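Peer 1: Residues per chain, in single letters:
There are 2 protein chains.
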Amino acid sequence: MPRRGLLIILSSPSGAGKSTLARRLMGWDPDIRFSVSATTRAPRPGEQEGREYYFRTRAGFEAMIASGEMLEHAEVFGNFYGSPKAPVEAAMREGRDTLFDIDWQGGQQVRNSSLGQDVVSIFVLPPSIAELEARLRTRAQDSDEVIAGRMRKSRDEISHWAEYDYVLVNDDLDATSARLEGIIAAERLRRERQPGLNEFVRGLNREFDMRGTA
Amino acid sequence: MPRRGLLIILSSPSGAGKSTLARRLMGWDPDIRFSVSATTRAPRPGEQEGREYYFRTRAGFEAMIASGEMLEHAEVFGNFYGSPKAPVEAAMREGRDTLFDIDWQGGQQVRNSSLGQDVVSIFVLPPSIAELEARLRTRAQDSDEVIAGRMRKSRDEISHWAEYDYVLVNDDLDATSARLEGIIAAERLRRERQPGLNEFVRGLNREFDMRGTA
Chain A
1 MPRRGLLIIL SSPSGAGKST LARRLMGWDP DIRFSVSATT RAPRPGEQEG
51 REYYFRTRAG FEAMIASGEM LEHAEVFGNF YGSPKAPVEA AMREGRDTLF
101 DIDWQGGQQV RNSSLGQDVV SIFVLPPSIA ELEARLRTRA QDSDEVIAGR
151 MRKSRDEISH WAEYDYVLVN DDLDATSARL EGIIAAERLR RERQPGLNEF
201 VRGLNREFDM RGTA
Chain B
1 MPRRGLLIIL SSPSGAGKST LARRLMGWDP DIRFSVSATT RAPRPGEQEG
51 REYYFRTRAG FEAMIASGEM LEHAEVFGNF YGSPKAPVEA AMREGRDTLF
101 DIDWQGGQQV RNSSLGQDVV SIFVLPPSIA ELEARLRTRA QDSDEVIAGR
151 MRKSRDEISH WAEYDYVLVN DDLDATSARL EGIIAAERLR RERQPGLNEF
201 VRGLNREFDM RGTA
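Chain order of the listed sequences is A and B.
Residues 1 to 214, numbered by the working numbering, are exactly what the first sequence covers, in order.
Residues 1 to 214, numbered by the working numbering, are exactly what the second sequence covers, in order.
Possibly wrong hints are sitting among the right ones.
Identical chains share a label here; the pair holds if one copy fits it or two copies do between them.
Keeping only pairs whose Cα atoms sit at most 16 Å apart, straight-line, the calculated EDC-like set for lysine to aspartate or glutamate is [claimed, not checked]:
| id | residue 1 | residue 2 |
| --- | --- | --- |
| 1 | 85 | 163 |
| 2 | 153 | 192 |
| 3 | 153 | 174 |
| 4 | 153 | 52 |
| 5 | 18 | 62 |
| 6 | 153 | 207 |
| 7 | 153 | 209 |
| 8 | 85 | 174 |
The hints are simulated quantities; they were obtained by calculation from the structure and are not laboratory data.
Source: prediction; values computed, not measured.
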């Protein structure tokens with residue numbers, strides 16, 4: 001049965017397992033499209049146009065904002081980041097979901113956009129802050145100062161948990177992954193997400209008519 | 001984590017597999033409580049008070065309606081049927097879900113009751129009317145007239161599909177059962193259904209404080 005594509009917003013503080021959960025979700029259903037952001041920051045070695053980011057000049061990015069081509073955008077440390085709208089709309093027309101790995105600011109904008117009714121938003125919490133900090137420290141050999149900055153950003157991100165539809169505490173990656181998949185599977189079964197039901201029920205009524213059921 | 005109990009409303013035309021799905025759902029999670037209806041109709045052989053129904057006199061039933069003890073009720077062929085409210089509220093306090101096997105009239109009343117915000121409603125459609133009629137005919141050696149009456153009632157029930165949160169087409173019992181379980185598992189993860197999250201996040205913030213994260 002045809003269905004409307006979802007806009008899946010996955011947010012969490014850095015170190016709570018969001019990237020791994022996103023990757024697993026796309027492994028679970030390879031039809032889910034990952035929303036690649038546009039940015040004005042310079043490409044780093046190994047980054048490819050359209051894979052990690054769409055790289056744009058500042059003027060090009062501002063033109064996209066002005067013409068309403070950005071579903072959401074923000075300026076972080078002097079660089080613009082944003083989610084282009086056109087690929088999301090194209091995916092929705094095909095009944096495909098789009099996954100957004102964005103923070104609370106992006107989440108708010110997408111939720112309040114013209115596509116807001118198709119948003120399913122999920123916030124991932126760490127089991128503890130000790131765990132969060134341990135993951136941040138394992139991941140990279142960063143200075144205490146850099147770690148402290150990430151922790152401040154994490155605290156700010158966590159403060160927005162109550163704006164999300166679903167909240168998962170990631171105390172076990174396999175269990176959390178399964179829960180996330182379950183949420184997406186269930187959301188696809190919501191009545192308004194299955195536009196084919198109208199025609200299906202019309203078919204049942206034609207069958208009643210043929211059988212002479214008043 | 002403590003959570004709010006759900007009011008699960010399962011409706012469908014007779015013959016679409018609703019009773020089997022209800023039984024399986026309670027097998028999946030034995031903590032789900034089945035809402036036993038009260039009725040003024042006489043007990044049939046083998047029926048036990050509190051198992052199939054709570055049997056009440058007409059005066060007793062009307063007193064329950066008058067004192068607001070009924071979450072929903074309807075009169076069908078001269079008999080009253082209704083769902084007592086107190087056991088549902090008791091289950092909710094324990095964080096347990098209650099399953100209602102009721103029709104669209106009952107569903108509307110529960111959805112519009114004081115407990116409406118905790119309702120998850122699911123409508124089960126048959127894959128076809130031919131299939132529905134076949135199941136009705138297999139089940140009992142009823143006259144064509146009785147079957148025709150049930151078919152009319154089924155058509156009326158199906159006409160209310162669009163009032164439900166979720167719609168399942170029961171073309172495969174195992175798949176439909178799994179989808180139903182998935183819906184309930186996902187609904188339990190909705191933010192507002194996990195009141196323990198407030199305290200959990202307060203705990204994370206205390207941890208931030210102890211680590212000196214501003």
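Peer 1: Tell me, which hint numbers fail for this structure?
Peer 2: Numbers 1, 2, 3, 4, 5, 8, in rising order.
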